[in-house]
Amino acid sequence: MDQIIRSLPVLLEALQQTLVLSGLAVVFSALLGFAIGEVSTLAGPVAGWFVRRYIELVRGIPLLVFIFLSYYLLPAVGVQTEPFSTAVMSLVLYFSAFVAEIVRGAVQSIPQNQINSGLALGMRRLKVERIVVLPQALRIAVPALLNLCSIVVKSTSLVSIIGVWELTYATREIVMRTVLPFEFFIFAMIIYFVVCYTIVRASKMLERKMALAHR
Amino acid sequence: MRMDWSAVTNNVDTLVQGLLTTLALSSISIVLSIIFGTLLALVRLSNVTFVEAAISAYVELLRNTPLLITLYLIYFGLPLVGIAIPPFTSAVLALVMQHTAFISEIIRGGILSVPRAQVEAGRAMGMTPLKTFGIVILPQAFSAALPSLVGAIVILLQDTSLGAAIAEVDLTMAAKVISQRTATSFEPFIAIAALYFALAWLISQAGRMVEARYKIAR
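Those protein sequences? They're chains P and G, same order as listed. Add 120 to the 1-based position in the first sequence for the working numbering, that's all there is to it. Add 2 to the 1-based position in the second sequence for the working numbering, that's all there is to it.
Please keep in mind that the hints were generated in silico from the structure rather than gathered at the bench. Think of the CB as a built atom: it goes at the ideal place given N, C-alpha and C, for glycine as much as any other residue. Possibly wrong hints are sitting among the right ones.
[Stated by the list, open to error] No more than 25 Å apart at the CA atoms, straight line, and that leaves these computed lysine to aspartate or glutamate pairs for DMTMM-like:
hint, chain 1, residue 1, chain 2, residue 2
1, P, K329, G, E62
2, P, K324, G, E213
3, P, K324, G, E62
4, P, K329, P, E202
[To be verified] From the derived model, a few chain G residues whose C-beta atoms are all more than 12 Å from chain P:
hint, residue
5, N12
6, Q19
7, L25
8, L34
9, E54
10, A55
11, F90
12, E122
13, K133
14, F199
[To be verified] Partner residues aside, some chain G positions facing chain P, computed with beta carbon under 7 Å:
hint, residue
15, L70
16, I71
17, F144
18, T174
19, F188
20, A195
Using the sequences and the accompanying hints, generate a full structural model.
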């Protein structure tokens, strides 16, 4: 306990780093994933086909392999980055596929009739998308997207393997020094749990609220 | 960018070795997780409040923490209390602990999806509770849970890659070893990404076949 209190400042700083990593990964994969999801439904069958293959491809590869691949591939193509940027990049590329899948599912759940009605009223397709489809689709997608956030937070622990300093890395460092694996790993577990469980609860709450709104 | 596949072609034996370890790691963990997951789901549905609360706490904790931390906890922790186990066993333990939690939720959902009236019908026909459960509820529960179960199996397969973090020579570690042996080439990772993808694809195809075969009309 004494040791934990002494290490608390370091662990909090590490938690902050984990949250920064997660935040960057969430924001950018949300933007990229939204774009990819929209392209797959709006830009015609050929683009849609490519996007679906991309989504399938990414989902079939373990995140850790994806991270290692970026770590070794980027320098080979002449991009010199630090492990931190490599980590953010691979998390964004990876999770944008998941966001795209969620967005695509939500957009497709909006009845085609509504799109036809919009077009019949003389709106352009993009306008229909903006004022008819998306406001409904995004509400449907929010709980799943929040769930994905908690997966992202958990997944940031993997970037410690390529040497990015965050909660898992810092905990490991402390364990190596103090030889107290139970105390510190369980403490790290609790920290991750608090963050992820909060997000999951929020997602459940929103889901219930949405269900009410749709009644 | 020039690709040089010699790092892969010269080290096929290392990759095959890694692939075999990954397959062993996945299959053992999948079987154990499904067994324990089903048991947990059953105990949780048995309505003993205290046990229910304990299991539910376990499931929520493991579902909301990174696998890597569980893995480190086992790998670095157990030797200190006098239990020396090889990385392979540590990886199996961590994977089973984590995925038992995921799978028990899936099976529980499957069981809950079977209408309660069917239990009563089975009992009314004179079947024992165990028989009712075994031949009426469980087959339908698995059928309902199958699509999510296949997804969970694919995720478990991908999670075996974390074995590389504790120097377990699975497919991912094999690629890392080769890469470091050959002046940090990235080609081995493309090769193993393709292998993981193929395995995930095979699993989902197999899942689809089983689903079609055991589809229970409702």
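Checked hints:
1. K329/P - E62/G: holds (22 Å)
2. K324/P - E213/G: violated (29 Å)
3. K324/P - E62/G: holds (14 Å)
4. K329/P - E202/P: violated (42 Å)
5. N12: holds (17 Å)
6. Q19: holds (17 Å)
7. L25: holds (14 Å)
8. L34: holds (20 Å)
9. E54: Answer for E54/G: holds, closest chain P Cβ roughly 18 Å.
10. A55: Holds, since 16 Å exceeds 12 Å.
11. F90: holds (17 Å)
12. E122: holds (29 Å)
13. K133: holds (36 Å)
14. F199: Since the minimum Cβ distance to chain P is about 4 Å, F199/G lies within 12 Å and the statement is violated.
15. L70: holds (5 Å)
16. I71: holds (5 Å)
17. F144: violated (24 Å)
18. T174: holds (6 Å)
19. F188: holds (4 Å)
20. A195: holds (5 Å)
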